[in-house]
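Novice: Each chain is listed here by its residues.
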Amino acid sequence: MDSNKKYWKGLEELNKTPEFVEKNKHEFAEPLPIEEVLSGAGLASRTPRRDFLKALGFGVGAVTLAACQKVPVHKSIPYLIKPEEVTPGVANYYTSTYNGHAILVKTREGRPIKVEGNPGDLLAGGGLSAQAQASVLDLYDTNRLKDPQLNGGDAGWDEVDAFVKQQLAAAQAGGKKIRIISSTVHSPSTQAVINDFIAKYPAAAHINYDAFSYTGIIQANQQSFGKAVLPHYNFDKADVIVSVGADFLGSWISGEEFTKQYVSNRGSKALESKKMSRHIQFESGMSITGTNADARIPVKVSEEGLVLVALYNAISGTTLPGTKKLESAKAATAVTLAAKELLAAKGKALVVAGSNEVANQVVANAINVLLGSYGATIDLDNPSNQYKGNDAQFVAFINEAKRGEVGAAIFLNANPAYDYFNAKDVKDALGKIKLKVSFSSQKDETADLANVIAPNHHYLESWGDDSAVSGYYTVLQPTINPVYNTRQAEQSLLIWSENAVTDYYTYVRNNWVNNLLTLGGLSGQSGWETLLQTGFVKVAPKTAAPVTNAANVSAAAQLIAANSAKLAASGDDKVELQLYINTAIGDGSYANNPWLQELPDPVSKVTWDNYAALAPKYAEKLGVEEGDVVKIEANGYSIEVPVLLQPGQAQGTVSVAVGYGRTHSGLVGNSVGKNAYPFASFSNGTIGKTLVATISKTGEVSPLAQTQTHHSYEGRDVIREVSLKEYLKDPAAGTDHGKEHKTYDLWEAHERPVYDWKMAIDLNACTGCGACIVACSAENNIPVVGKDEVRRRREMHWIRIDRYYSYEKNGQAAADEETGLVTKEKEIAKLEDLDHVTVVHQPMMCQHCDHAPCETVCPVLATVHSSEGLNQMAYNRCVGTRYCANNCPYKVRRFNWFNYWNDSRFDNYLQNEHTQLVLNPDVTTRFRGVMEKCSMCVQRIQAGKLKAKIEKRPLTDGEIKVACQQTCTANAIIFGNANDPNSELSKALKSERTYYVLQELNVQPGIGYQVKVRNTIENELA
Amino acid sequence: MRNISLLFKQFSRTVLLLAGLTAMTTAANAQGDPKKGETIFKAKCTACHKIDKRLVGPALGPQITSETDDAYLIKWIQNSQALVAAKNPKAVKIFNEYNQIPMTAFPELSDADVTDIIAYARDEQKKLTAAPVGGATSAAPAETGPSALLIWGLIGVIVIAFIVILVLNKVIGTLERLLLKNKDLVIDEEPEVEGEPVDRLAGIKKLAKNKKLVFFVVLCGAIAMGSWSWVTMWNTNMHQGYQPVQPIKYSHELHAGAMKIDCQYCHSGAYKSKNASIPSLNVCMNCHKVVKTESPEIHKIYDALGYDPDKGTYDSTQAKPIQWVRIHNLPDFAYFNHSQHVVVGGVKCQQCHGPIETMPEVYQYSPLTMKWCIQCHKRTEVNFKGNAYYDKMTKVHDMIKKGEKVSAAVMGGLECSKCHY
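Those sequence lines, one after another, are chains A and B. When the letters of the first sequence are read in order and numbered with this note's numbering, they come out as residues 6 to 1027. When the letters of the second sequence are read in order and numbered with this note's numbering, they come out as residues -15 to 405.
Hints should not be assumed to be uniformly reliable.
PhoX-like, lysine-lysine: derived pairs with alpha carbons at most 20 Å apart [unchecked claim]:
hint : chain 1 : residue 1 : chain 2 : residue 2
1    : A       : LYS950    : B       : LYS379
2    : B       : LYS256    : A       : LYS111
3    : A       : LYS952    : B       : LYS376
4    : A       : LYS950    : B       : LYS233
5    : B       : LYS233    : A       : LYS80
6    : B       : LYS20     : B       : LYS34
Calculated directly from the structure, the hints in this document are not laboratory data.
Start from the sequences and build out the full structure, keeping to the hints where you can.
Specialist: Take a look at the structure:
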């Protein structure tokens, strides 16, 4: 491609470190010691004839003995009384809800094995996040509590109930307070149960406590509009989006929902109508949202508020008191430019801020009022229920408890002993409370301090309902009998409050029949049954009321200036620290899920760890390299974490993910990474996650298990990217259309009589979130290998998301690099460029090439082509030569170094007898010594064809969905039959933007990628 | 439909036969005709009643024998609820005794019909009380006898045959000697007898010196050993003929053969799923709540379910599943789907499972090797008639037009990922 952009996956690749070059020569990290054997002593030494015979005899004997094993007798145990709806071998799907998303749960023989999005889901339209995909594994987690516990020992439910009731009555009678602390409750029925509980015990109150709260936004809305709500954002209605530190495609409020909205303005459909939204991101740490932005400007943590003020000034044409000049000239230019664009898109613009400071959010509100966003891109009247937590309430609770005013505390999905910034305070407070009940299904940090643990059901065992945004109600139904002796938390509360209805199912049903069914136009038994089938009801949204801004923006701006001054790090060892939640582990509640631990972070590609993300230039200044352990110290707390060199990270800042360093999460998550929560602090009514810290080198080295440069392309041109301007001029820009030359095939073309399964991937839609990786693992029984094996480059994922950095080189720099004229000064210039990298995500899996290089080198024909265009892999034929992996230009083949599913070394990753129940029975688990790779979900293809055959009808387009495609909220992946000219896939492949990765090799890959289009404006950052 | 009519035929035939037998053995009752009564009883009553045991309703034998008021019985049988409504004390008592489950009204039965039933029931009850309990089981040893007898008989025959051959040999030898004596050739006997061992050894030695022969013998031996080990190794892990002992002596010969119960009745999964599935016990109970309730094998089903045949109640705490031994074991890496073959392909069960309707105990009929699969896929024509799935497959149409055979292999049935994923 005629571009002076260079794409690279990691700094080691950019700098061509000797280690990288050496490693990259080999497909596998540790080559076989062939050289050693064939040279020197290996070949020279002789084996005496007697030794040879001894070895031969022993070998033959041992093999014979080993083969004399009796054939095992297999038992076949049918149901005693088969439930009518179950047919062994056929999956049943039930509607349910995960975190407010309507989902479908796939069950086989009565056990849930996969979670899939409900295509009617209002939020994500059938897409699901990585966490939702992984949630099914938690059901089979052997670390779950098997019985309720009373004072540290197992107890029966009767004992627990008697004890709790007696204690609650005592607290009530003794004039002590009773507190229910939960993460935000957005289930109408759970809320009703809690309200009933409070009615029974008037001393009780309910506190919503979120580890990562949105108190700032809620309080700001109270100040600005008198509505203490978390608004519902509509990114699909926005033509220009400016985000200041809000990771709205990842962890911010409702990532999946926003991804769907965001991509609707940027994917193929939007581009075909010659439109594309514009997204400008100001942030300090590189987030997944930042990687997708059209323009990303790194700003220091302390300057995030200042950017908002500057933006307000530029839009309103006034100057707020406390305005400070931005340190970076580039940021200042970007703000002016953003303001201009926002104003031009008035009514179709949206500004979001990620900070939890009320002042920041007040200014953001003021900007949105100026832009006419309310009622258009922001909906205050149909608010989101996802986060209601109020930090001040929880802090007040801690103080009450420390004063001894609280007699009973009940924790529901809340783990403050781990995720509250002051764990000691929590411990002290709980020490003064007589009755501490935890509903945790694991003995987590808080449950460890409690005297009663009443383990809650997993959500797949529960009845319930949910309402993530107002006007959208979903239902939960159990898909399996409780695995352990657990009881649903709501039911426990009903029993303890001596409710008239003690069965939570009846309670939920009554609540729906009396209150909620009518909202969806349903009623009675038939209505309830319809609900259980569809999974949700929707109510027409309320029309937006006009808004007037009542907040004092000037005061907010002054507060921002004060905060900024406080945050600005001065001194060499001082650094601005920002805590964030990443997309996989979240706030830490998923720490015990090995699928999520092994999911590479969308940006850094690090697994199994948290780290200190530093800008390369800043790291050079500190004298640290990647993998060096640094000590971060603040507020009397310190952690030692390895360094990650993160291009795009703002200078002088460090980002550390929370959710790691659990001590009581279970075998998987315990002591993975370090806990960063204690760095947070409470000020101005919210818990802030930004502060000034000291950073110092410890001298230790802890290499990160980072997958970014595994499977490299040796700098070949695999990414195609154009600007919107170029695209509008020529839709085929960036591709090789019109540049085709004559090709010669070594092999004859395959015949494709009926189907030709192919795939189209839209690089413009893919945000790189990684949900497809977990979906693929769940569908195809892909093992988790653990940190050490990932370090050895042996991760098993069939699909990976390659993340490429690039920066625009000016002509001279490019020429210098070509000729090798790179001087020290130019090196530094390059490092400066690393602040302004752009990022492209590229999903990569087996390309099912028509002329597959792997097929030609397999000595045993274990990998051959099918008449449907698939590159087949017969595991039982593979002898493990690994030639195919060596010959694969896409580096997508994975070798089973161990028998992962039956190896005690991998027990810790929930690969034991119990968790094997989650395996997909239609897919083999692979044995040690065989190759595996993406099969394009051939089991789904076969099942789809069979269904059509039995129903005696042709297969319809879109009927078969592969796992990665199904979970993709952004619809970046389209799968289908290329022989059918009317299929969605054929249309997608016909798009002018389509190109094939490494198509110059003429291996004729079956996956077409669509060129990434970025809505950039030339020289915007100059 | 065909099945139902077959079943019906079978049923009516048995009924007629039994009716004929009873007619011959018992004298006609003056009050009613037990023969007719039996027909009606079997048609109308057996769903809820048995002669000797309590089912849904009371055991009719003792109940009807002890009740002497025939007029009451007739009224009860024709419409029991009318009696209950009229507060007849006897009727109310029995109604309450049987959990207030109303008995179906039979207004279509005339008084004479009911009299026939009563006569039949009393007759049967008489027979039951007259016959000693052991009588019914006396046939059992005879049933199992033949097989053992046959084996011992055969062994006996072989032994006798062997003895006969030996004796005959002796006789022939004596006769020969006699014959030779008569011809005065006994003189040669002595040198012959002395020279015999010498000659024999010499012969062997002579043969051993014949290199061609030795080579031939060794070659034969090598070939025999080679082919034996080849066949043994080739068949390693092949379990054709595998016939394990099952926890319940269930006979396909009886159910599928004699009773002609459709395979699908129990193995419904074969038509919907990849698993043909072993029926759950509630399927057995559809019939065996009533049929052959005395059999110890059927009692294994009751035990597994925690079912009490006398009370007709289930106790799920006593339930424990039956562990059948799996006969047809495909390796994990081979995916096989019954519905694909049975529904789409129209393959008969017997094609792979053999003459299942003649097997008292099931064994593995087919080798279940990949070669066996492939051979069938190559041979079998695709069953595309009337299946719109194949409508758009132009290649198939061309082949049919040319008169070529469209086998499963042509449709890609030999490709790896049709079965391995």
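Novice: All the hints need checking, so say for each whether the structure fits it.
Specialist: A quick look at each hint next to the structure:
1. LYS950(A) to LYS379(B): Distance of about 17 Å is within 20 Å: holds.
2. LYS256(B) to LYS111(A): The given pair, whose Cα atoms are some 17 Å apart, holds under the 20 Å limit.
3. LYS952(A) to LYS376(B): holds, 16 Å
4. LYS950(A) to LYS233(B): Violated - the C-alpha atoms of LYS233(B) and LYS950(A) are around 39 Å apart, more than 20 Å.
5. LYS233(B) to LYS80(A): holds, 16 Å
6. LYS20(B) to LYS34(B): holds, 17 Å
Checked against the numbered hints given earlier, this structure breaks only hint 4.
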